[in-house]
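Colleague: Line by line, the protein sequences are chains A and B.
The opening residue of the first sequence carries number 1202 in the numbering used here; numbering runs sequentially from there.
The opening residue of the second sequence carries number 1202 in the numbering used here; numbering runs sequentially from there.
Possibly wrong hints are sitting among the right ones.
Okay, the calculated bits of chain A under chain B, using three or more residues with CB under 8 Å as the criterion [stated by the list, open to error]: (1) 1225–1232; (2) 1295–1302; (3) 1344–1352; (4) 1399–1409; (5) 1422–1432.
These are calculated hints, taken from the structure and not from any lab test.
We treat Cβ as the ideally placed atom computed from N, Cα and C, and that holds for glycine.
Residues per chain are reported as follows:
Protein chains: 2
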Amino acid sequence: MSSNDNSFALEPVGTLRSCFGQKFGTPRQPGLCPHATGHIEMHSPWDTPDAFRGLEAFTHVWLTVIFHQVPHDAPLRPLVRPPRLGGNQRVGVFACRSPFRPGRIGLSVVRHHGWDYLDGKFCLRLSGLDLIDGTPVLDIRPYLPWSDTPADARAGWADAAPDSYLEVAFSALAREQVTELSHHHPDLEALISEVLAQDPRPGYRRGQADERTYGMRLHDLEIHWRTTAKGCIVESVTSNKGVTPY
Amino acid sequence: MSSNDNSFALEPVGTLRSCFGQKFGTPRQPGLCPHATGHIEMHSPWDTPDAFRGLEAFTHVWLTVIFHQVPHDAPLRPLVRPPRLGGNQRVGVFACRSPFRPGRIGLSVVRHHGWDYLDGKFCLRLSGLDLIDGTPVLDIRPYLPWSDTPADARAGWADAAPDSYLEVAFSALAREQVTELSHHHPDLEALISEVLAQDPRPGYRRGQADERTYGMRLHDLEIHWRTTAKGCIVESVTSNKGVTPY
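Bound conformation, chain A alone (with noise of 0.2 Å):
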């Protein structure tokens, strides 16, 4: 962390409690799996009510958070490569998103559900995140469609949300096992759907059918899944309380 007489030391106001417990299966954009629930446990003094007065007008919000898993020491360079193209080509750090970038800091609208008190602490519930748990907030802002929406925008090779790459499957075992977790998590066969249609694989992996049986972390479960000729199978969906406590 640099502290030079030019930088800003800025306070997080609040820690993201998120389904996402690591990088694999995390989105890579916001919205593009809307059962993906968490929220901020506020920090003091922004713990209160009133700090969210008028919220309830807004639907949306923006999160200004540090992208925490990428090393605070990382090399920063001005050019990256974006696993929207392959991971093959390289573009400028400012013409991406890329964690790997000044400062670490990301930017992620969201759907908000209002504020509520969860384990005793004041939170903000959220859904449709990409964001893994555990991960700083520095601001949360409206959003406004009229101001936030310049009706001509263009975004060239990035201008149409990524295809659902994978059909999801759930083997019986799995489908029994959602069944009996459903009243912890509703919307769990929703959410492991939504995740995997991903492909969370690397990007050279797109498009084809491996061997592997993949493991990934959904709030406190443990999915494992294969791809198939036609997309993937789920083949298990396990509790594994103690390892991620979200």
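With chain A's structure known, arrange chain B on it following the hints.
Modeller: Here is chain B on its own, set in the frame of chain A:
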């Protein structure tokens, strides 16, 4: 500037040079004044075409900035009074865009016009600005329409762009001065009209003519104007070189 263990030290990647030298007249959101131009002087090691490679495919960028004219030790409160509500209603700091917020973090989507060397400095050209000259820029990233515009977003009391409040006329003198200045400032009439249409006066003056003559700086120019029964009239536009360098 706090610097406890929880804070992150963020270093600006550049400094904004804007036509707005002061808060008075600066639009409250980006895009309201398309002719409000400026550029970011990039700092080393980001002052290189590599860092912007591929940005030509995108029309707009997000700027993450510091509202540096808010004193860094300004007392931060959970409730603020946004000008949009006339300045007399309090809302939560996370339910509005007030610069009096944690970390003084600002967020602005503006049009870019590519990089260039200006006075020997590597710069990114911008328009549609709502930021003051000298603003430290922490990050620049491309605007992605499909990701940054949730289709069903709603924004309550701030759901539409503010009306243009003032009809703008020019005195014969002002029109002559604008014509004389047009080789340095080709879109000056449009810029002045866009800025004054927003009515830069405090919210409680809105809809009322008053007797004052107002002074406002744009680029290196001093603009004098007053309200009339129908809107406002620009009285003079004079060069003020040496006062604002940009």
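Colleague: Now look at each hint and say whether the structure bears it out.
Modeller: Going down the list of hints, with the structure as the test:
| no. | hint | in the structure |
| --- | --- | --- |
| 1 | 1225–1232 | holds (count 3) |
| 2 | 1295–1302 | holds (count 5) |
| 3 | 1344–1352 | holds (count 8) |
| 4 | 1399–1409 | violated (count 0) |
| 5 | 1422–1432 | violated (count 0) |
Of the numbered hints given earlier, the model fails hints 4, 5; all others are met.
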